[in-house]
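Full structure from sequences and hints, please.
For the record, the sequence lines run as chains A and B. According to the working numbering, the first sequence holds residues 1 to 403 in order. According to the working numbering, the second sequence holds residues 1 to 403 in order.
Source of the hints: derived by calculation from the structure; they are not laboratory data. Fair warning: there could be bad hints in the mix.
In this list, chains with the same sequence are indistinguishable; a pair is considered to hold if it fits within one copy or across any two.
What the hints assert, rightly or not - Simulated crosslink set (DSS-like; lysine-lysine; CA at most 30 Å straight-line): (1) Lys247 to Lys324; (2) Lys224 to Lys7; (3) Lys124 to Lys140; (4) Lys143 to Lys247; (5) Lys124 to Lys324; (6) Lys7 to Lys324.
These figures come from a predicted structure and were not determined experimentally.
Protein chains: 2
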Amino acid sequence: MVTQESKASATDSVGLVTPQLFHFDEPLLLRSGKSLPAYDLMVETYGELNAARSNAILICHALSGDHHAAGYHSDSDRKPGWWDTAIGPGKAIDTNKFYVVALNNLGGCAGSTGPTSINPETGKPYGPDFPVVTVRDWVKSQKRLMSRLGIEKWAAVVGGSLGGMQVQRWAISYPECVANAVCIASAPKLSAQNIAFNEVARYSITSDPNFHNGRYLEHDTYPKQGLMLARMVGHITYLSDSAMRAKFGNASSQLESTTRGNLGRDLRSGNLSFGLNIDFEVESYLHYQGERFSSNFDANSYLLMTKALDYFDPSVDYGNDLSKAFESSDCRFFLVSFSTDWRFPPERSRELVETLLKAGREVSYLEVDADQGHDAFLMPIPRYINALRGFLDNAYEELCHAS
Amino acid sequence: MVTQESKASATDSVGLVTPQLFHFDEPLLLRSGKSLPAYDLMVETYGELNAARSNAILICHALSGDHHAAGYHSDSDRKPGWWDTAIGPGKAIDTNKFYVVALNNLGGCAGSTGPTSINPETGKPYGPDFPVVTVRDWVKSQKRLMSRLGIEKWAAVVGGSLGGMQVQRWAISYPECVANAVCIASAPKLSAQNIAFNEVARYSITSDPNFHNGRYLEHDTYPKQGLMLARMVGHITYLSDSAMRAKFGNASSQLESTTRGNLGRDLRSGNLSFGLNIDFEVESYLHYQGERFSSNFDANSYLLMTKALDYFDPSVDYGNDLSKAFESSDCRFFLVSFSTDWRFPPERSRELVETLLKAGREVSYLEVDADQGHDAFLMPIPRYINALRGFLDNAYEELCHAS
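Now the structure itself:
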């Protein structure tokens with residue numbers, strides 16, 4: 001039996017980690033025109049910064065991620081950080097080679113300044129008064145963190161989904177600060193369908209009577225049902241149809257082999273209820289996911305994250321020509337997409353590849369056959385993980401030669 | 001200017017129509033084991049039944065449809081019935097040739113017995129006590145309507161989506177009563193992803209505090225927000241990504257021509273709000289659709305319709321071998337699917353085609369290239385409408401020769 005303690009002490013785990021809070025006093029002017037007078041960023045680091053300060057990798061998180069990307073906070077932790085499959089000694093993002101930095105973004109709810117923080121102007125939680133933050137704002141705040149850590153150039157900036165948007169923004173806004181950009185399961189901007197799903201999530205939250213126009217903390221409550229619904233919708237879009245068929249079709253797969261394939265129709269109790277109860281395993285799973293998420297995430301943060309997704313479109317400052325945005329970028333790009341990801345399908349990554357080539361950039365691109373949909377970017381899929389390792393190993397060799 | 005009156009009197013319109021209520025006194029034993037002691041069906045008919053009573057076509061409606069499939073109820077009607085593009089004099093379902101019968105299904109909310117009807121046992125609306133009805137139950141009730149109309153065999157049973165499931169059930173349960181089966185944009189059963197979206201819709205409704213366990217009418221209220229959300233999610237799945245890009249990307253299509261294609265990111269006001277307001281046209285459209293629908297549809301009916309969708313799987317009584325279910329069918333089948341329909345994609349229709357061929361059935365199948373997603377089945381797409389016309393014209397000639 002593998003105990004928790006042995007998990008944290010496994011040779012490929014970063015082990016027990018302690019988040020650090022960094023305070024920034026200089027006001028941060030945001031894209032909206034508003035300003036944060038001061039803010040905190042919650043940060044974790046894994047591995048050692050080398051003497052040349054050249055081996056740092058920044059990890060940018062997606063919608064519901066945070067600074068806890070790898071390892072364990074205590075021996076009793078059930079689960080490691082959200083990207084422990086990729087980060088650790090000897091792993092693809094190898095902490096024997098790299099100094100890895102992960103942070104909770106502004107507006108989040110895991111320790112960095114966000115809607116649950118106290119607004120110095122009122123003495124109450126910001127709540128809905130926390131300003132809308134954009135990917136550009138996040139990258140600006142990450143740049144200050146970089147300076148604080150004494151790093152002048154990231155060996156790589158790495159992120160999936162919304163994290164991949166931050167990677168793009170780094171390459172555009174601070175070309176001198178990025179040696180390699182790894183953008184996974186992402187897109188140069190959302191489509192109408194993406195925005196539509198985000199709006200359903202937002203409306204789920206804001207129409208919950210416990211939302212109280214975002215001031216639910218002051219009412220000592222929170223919009224749990226709305227957050228559950230938002231996550232249930234989201235979760236469907238993270239999984240592929242085929243992943244759901246496989247996940248919820250084990251019991252019937254033998255029976256169904258006479259027709260074409262398994263459709264994921266396993267029943268929870270073996271019989272239909274002929275009532276409005278939950279009948280199918282997939283329904284039960286969605287409720288479980290919604291329940292778990294809504295107990296741990298701040299609703300105002302969720303709203304902010306979805307707006308950052310919707311707003312991201314770096315081409316708007318370049319006459320809607322994205323290739324112009326990347327013209328002054330000076331890093332190698334590595335892009336990955338997954339065949340069954342219908343939230344950010346391979347086509348969106350190919351758009352970005354073409355745009356980068358048009359801008360004269362160096363870009364490698366891998367399209368991975370994977371059943372897991374958008375969620376594949378978090379999975380230990382060998383072809384994907386090995387390619388990521390290969391790209392970063394090259395980056396490491398280059399920086400060793402440079403020093 | 002085309003006035004309403006001239007619309008109803010257009011030569012290809014069935015014109016002004018009056019629904020008829022048919023009362024059935026014989027109890028209907030349902031699939032669940034429960035029974036409806038008596039029930040009403042709201043029906044519209046277009047065209048004339050011939051002397052041989054051989055030219056009748058049954059139209060089966062989808063989730064939110066009803067008996068009002070064509071024509072106008074009054075000169076002031078803004079819109080005709082839901083399938084007016086296909087039904088009328090000289091149209092694909094030609095009322096000069098056929099006697100067309102459309103009804104509101106049991107459990108619906110447009111006049112047939114359903115949750116808003118009075119439960120004779122309590123003197124109050126059925127509400128949540130209305131029994132769960134299945135596609136099989138609907139077809140059983142439609143069979144009684146058929147007898148009442150003095151029809152022994154339908155020239156054709158026609159339906160799209162959930163309507164197509166009723167078409168399949170007719171061919172299985174009453175093979176002697178169907179000459180032709182037209183099954184459009186449908187599937188032999190839902191996949192886990194389909195069920196998941198339905199469960200999100202149901203949870204939206206049931207978690208609305210105005211739902212009151214389904215007894216909202218007794219509380220003089222209704223779960224409007226929940227129904228709105230359910231419809232917003234549904235609407236995204238009826239449209240394709242490409243249809244949404246085209247629909248919400250007009251203003252920017254010129255600007256975006258420098259990158260690849262239009263993503264449907266038109267802004268409502270031209271500027272981002274940097275708040276939690278509605279920014280994009282697609283959001284505004286979704287709210288409009290949700291608002292309109294939630295003002296006209298009963299929440300308990302919506303729940304019942306989604307359960308009927310989830311439960312449909314005629315193979316379960318045939319050892320999960322659907323081809324066995326169709327072995328005694330005795331009609332010609334015509335199936336249509338649409339390239340961008342991701343709710344019931346072409347693959348699901350191809351499964352059905354293969355199953356029908358395995359069962360030794362005669363089947364024609366058309367896969368239509370169309371941008372409109374699942375909604376395409378309601379659209380006047382020439383290739384689709386002409387094929388439907390061709391199939392039914394052949395059916396008509398056959399019945400003329402037979403008589």
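Tested hints:
no., hint, verdict
1, Lys247 to Lys324, "between (43 Å within a copy, 27 Å between copies)"
2, Lys224 to Lys7, "neither (32 Å within a copy, 49 Å between copies)"
3, Lys124 to Lys140, "within (26 Å within a copy, 62 Å between copies)"
4, Lys143 to Lys247, "neither (41 Å within a copy, 39 Å between copies)"
5, Lys124 to Lys324, "neither (43 Å within a copy, 67 Å between copies)"
6, Lys7 to Lys324, "neither (47 Å within a copy, 52 Å between copies)"
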